[in-house]
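Protein chains: 2
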Amino acid sequence: MKKRYLSLQTLSAALTIMKTAFPQSGGSVTISISESEGRVASEPIYARYTVPDSPTAEMDGIAVKSSETVGAGEQRPISLSNFVRVDTGNIVPAAFDAVIMIEDVRLDGSSCAIRKAARPGQHIRPPGQDVRKGDLIIPQGHQIRSSDISALASYGYDEVAVKVVRVGIIPVGNELVQIGTIPRPGQVIETNSLFASSFLSRLGAICTTYDLVRDDPPLIEETLQRAVSEQDLVLISSGTSAGRHDYSARTIMKLGRLLFHGVAMLPGKPAILGEIGGKPVVGLPGYPVGSQTVLRELVAPFLVSWGLAPLAGWIVRGRLARDMPSELGFDEYVPVTVGSVNGSSWIFPHPRGSGLQMNLVRANGYLHIPLASEGWESGAWVNIHCTSLPHQIDRTLLCVGAKNPGITQLAYALANRSVMLQSFYDLHSRALHSLKNNSCNMVALNIPGLEVNPGMFDGLKDVSAVALHIGRMQVGIGSRTGAGILDLANMRIANAPPGSTGRMVIDRLLTEQTINPDQVLGNGNSVKTEAAVISVVINGRADAGICSAVLAREAGLAFVPITYESHVLVARNESLEDERIHSLLQILQSPEFRDSLDYCYDTTLTGKVEECNTGSWQEVSFLDNWISDSGGG
Amino acid sequence: MKKRYLSLQTLSAALTIMKTAFPQSGGSVTISISESEGRVASEPIYARYTVPDSPTAEMDGIAVKSSETVGAGEQRPISLSNFVRVDTGNIVPAAFDAVIMIEDVRLDGSSCAIRKAARPGQHIRPPGQDVRKGDLIIPQGHQIRSSDISALASYGYDEVAVKVVRVGIIPVGNELVQIGTIPRPGQVIETNSLFASSFLSRLGAICTTYDLVRDDPPLIEETLQRAVSEQDLVLISSGTSAGRHDYSARTIMKLGRLLFHGVAMLPGKPAILGEIGGKPVVGLPGYPVGSQTVLRELVAPFLVSWGLAPLAGWIVRGRLARDMPSELGFDEYVPVTVGSVNGSSWIFPHPRGSGLQMNLVRANGYLHIPLASEGWESGAWVNIHCTSLPHQIDRTLLCVGAKNPGITQLAYALANRSVMLQSFYDLHSRALHSLKNNSCNMVALNIPGLEVNPGMFDGLKDVSAVALHIGRMQVGIGSRTGAGILDLANMRIANAPPGSTGRMVIDRLLTEQTINPDQVLGNGNSVKTEAAVISVVINGRADAGICSAVLAREAGLAFVPITYESHVLVARNESLEDERIHSLLQILQSPEFRDSLDYCYDTTLTGKVEECNTGSWQEVSFLDNWISDSGGG
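Chains as they are written, first to last, in the working numbering: chain P, 1 to 633; chain L, 1 to 633.
Chain P with its partners taken away, still in its complex shape:
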């Protein structure tokens, strides 16, 4: 057995090693102030001019000698001939020491009448009121804001020296192809360098991505040496694991020294730090999720220690909707979606696989589970680091329960109204419990037939809830041959997942002795998803399976309908007043949405709203929905 990592450091130790080995570097570059927003000043900047430079009118009006206005009053106007007209910003000539607003003056040829004495200095900005030549404008290390740029320009600058770190990024791997290339099977588009460049530029780094390098040690060596000579920090993307072509650690050891290989963080464990010619070289994991975590948690704080600007971060405190176990000894970062339910924030984790890049897109934040924590149980209060702006988090709707194509379509339509519907799988009973507990905005149910078990909403008994119909979908026999019910007698039938409408159909076929138990393959847990049913039929391991029409057709199987499955959303009555759910209902009831479901749904009931607890449901049994023409044969 081979050793996977030379040494596994904690994240905090890894960062300390990195800061200690490379205490200070990066440089300074002078750029136009118009480009400097968000950058960090590399030296203090002092005003070149006094502003205003002369006594200046603060208002539009007339400049006067205050001593000549003494005694003026509402009933006793004074007429002045010794004055000049000034507008805001004009220099007040040395002969005058006050300005009277134009609204308070009656001009009359070369003289004017005033009705109030002016005090010395009135409406005059003295020289240096804003800033005096030589005053500090911004100190070294100041992160420049738009209003600082304007001030720098006002006080004499058109350029500013800012801190900069040159970062070189080397993508390595035979399987990688460049962005814009159509990947062949097994090829992957190289995107880690793009993320690194976009992300680190925001800190003030100047990023250079080198050409893609094959898994060829001499080539890697050559590129690495060139990058180290040209950059302050080098990132080598991928080649950090234990595969046959993972040359990063070996090349670093050959050209310099390895400071660590492996960090106790998930994702991101294969991270490497090396030193070549006095420069830091970081090896990034190949999977985007791991690579991004190493950049965010290790490289970014390191660059901040070199003087670049930290990124803005928001924390939201909320409660976990699911248990969140974590391996002791690892700093773990879990992508999550946080949403607001009746004013409380609830947090749903996404699956943690480091190959699941889409979860970072779906997530609006991440949860850090420190290395000394074994995680938390559902209901615990935790802090989330947001990756979306607060206004987008406020627009998130949390849906728990079944998944189905209708909810996917609904999420697409809602997204165009800036509402993010995120759905998380759970069993019906537990999903209804979440609605009762106010830990989700709505629940999705896939109900076999149109049969609504009167006990189905018992869990909601103290809650006034409404069901919103999405539509009903045909369920039937998927096969390569077009089998109907009467054809099943001699066929191998793939079992359906427990709890599914397909499983209920099989159970009824068994009860009616249309089929017998020997025919049903994969009893127990081996068939976990409807996709697996389809796959078993396509592979020929079974002759037929019970599935939805849409999946069978997408897979190119013949389909004969047997019954329906109804898809509904359940929400609290009062949440119909929530603008986000109001938008959802508007969409459900629109003809455009109905049309978009046509390809796989019977939309007779789409958009209908029914109270869950009043028994107004159409009480039709599963049997009533048995479709009569499914005989076949």
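Check the hints yourself; a few may be wrong.
A pair counts as met if it fits within one copy or between any two copies, since identical chains are not told apart.
[Stated by the list, open to error] In silico lysine to aspartate or glutamate, DMTMM-like type, Cα no more than 20 Å apart, as pairs:
hint	residue 1	residue 2
1	Lys528	Asp97
2	Lys133	Glu554
3	Lys269	Asp87
4	Lys461	Asp158
5	Lys528	Asp426
6	Lys269	Asp104
7	Lys269	Glu103
8	Lys279	Glu230
Derived from the structure by calculation, the hints contain no laboratory data.
Using the hints, position chain L against chain P.
Okay, now just chain L, sitting in the frame of chain P:
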């Protein structure tokens, strides 16, 4: 009297008028995904590829048939010859259905030994595990993050369509000169277009600044017409007030129509909205503070209604350290500095003048006082909109009391350690009260002579406090002629501000009958600052004044010393453990800092720390510090 504004709208009404008159515009532009961070997608984007496209190894190891591994165990290894070596990301050939990690395999030529059965699908990523072709990646209106860019590239995109608004900015004014020009007296560097461009670009606008236009109606008209034909929104900067050359409103009325002139907001009241050729034209006030407020509070929310991205904003809740009155009927925005004192946030307002651009640089936030509020008293809890990142706010030290050159130097030195020392003027007694109340981090005192009144720290009696010496500064006679004490008998002497060391000197000279009351000019309140004393002497309205050596010399006056003024900082004992105050003390005690004070301080005591309440002070009377050689004559 003339009418200043044609109509004064509330800010909320102004925004509604603007959104209603121009319900939707702006367009879409396709840009490289590498430039798209922070931009808003103008259409939904769907995956072009299924990722992974084939069953893929999730680990480095060997691909096997799971059925051939059944029965393998720690004590019962199985030898396999039907396998292939795979690395993470490699396609698993169709003949195999599981991957065994390389760490769990003993390779032996063309066969290998395993000690554990593999379950079907183990360590294999099924096709589409991350995303399936046609899945939504990001919806229309989504603000693109770095991780979205990486995902877009992985799923087939190198470009993305984003929302864009073209904004034209026209700077107008005879007094304006371009950035990079050295302004002559009365000239102002034009920076509002730079701020507008920097600020609005962050929302996703494409900004074009037109050449500076003189106050010449035909030229303004021509430029405005060209801008309206080229842009989606036009900003005309300045020319919005009632001055003789304020042509914005008149030109808009000539070319189109005026929707409002004047908004009940401070700063920013002169804002204008017009319509020319169906396009919105906004008139911005000339002063930077007003202009920036109109851009932030009116133009930015309007552009967000057109689909651009809102800017990130942080709120900090804290207590007002000062009364904050406000005019009823106006939305007011006050620049403030918020800092942390023993874990509580305290808020100090900066002066509100719209010509005081430097206050926006000093401030780390602003307070919004809604139009229906008359403001708040000190101690009230309010929400602050931050303009600096939270980590910078945490680095702010609040100092209350006197101002002096030593504190300015200290602030500069601290800034280079990323500590922002902000000082706010207050009387000694009230400043000490703030320290007792924990509403500031430290207090600055300018103490006449070295005489420390034992009662001075009575206000702190329950607080253990320490005084940190900055240094002592000479105070004496500033004159055009080099007058000493004995020369004062026949001179006109400018009075000094109440409470100042200068005033104490004058009072003693009067007591000793060195001078008589008739000689003292500006009794009462007319001389409010030391700068005014200097100015009165320079103008010849007085022959001499009592002031500090440094101010006299800076103004080119002769100076004869009389006594000293000691400058100390007072902090709570426990705050010496605060890392920021620890840094401050390190600086105070460094030779470099002492050297930097040399030009105006006696630094014998600089950096000395004394407990305020123990009486260890050197009890020397004011008299003892009378400098003997100040006789002159």
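Results of checking the hints against the structure:
1. Lys528 x Asp97: Answer is between: at 17 Å across copies they meet the 20 Å cutoff, but 88 Å inside does not.
2. Lys133 x Glu554: between (74 Å within a copy, 13 Å between copies)
3. Lys269 x Asp87: Result: close only across copies, 17 Å inter versus 67 Å intra.
4. Lys461 x Asp158: neither (69 Å within a copy, 52 Å between copies)
5. Lys528 x Asp426: within (14 Å within a copy, 73 Å between copies)
6. Lys269 x Asp104: between (74 Å within a copy, 19 Å between copies)
7. Lys269 x Glu103: between (72 Å within a copy, 16 Å between copies)
8. Lys279 x Glu230: Classified as within: same-chain Cα gap 10 Å, cross-chain 49 Å, threshold 20 Å.
The structure fails hint 4 only (numbered hints given earlier).
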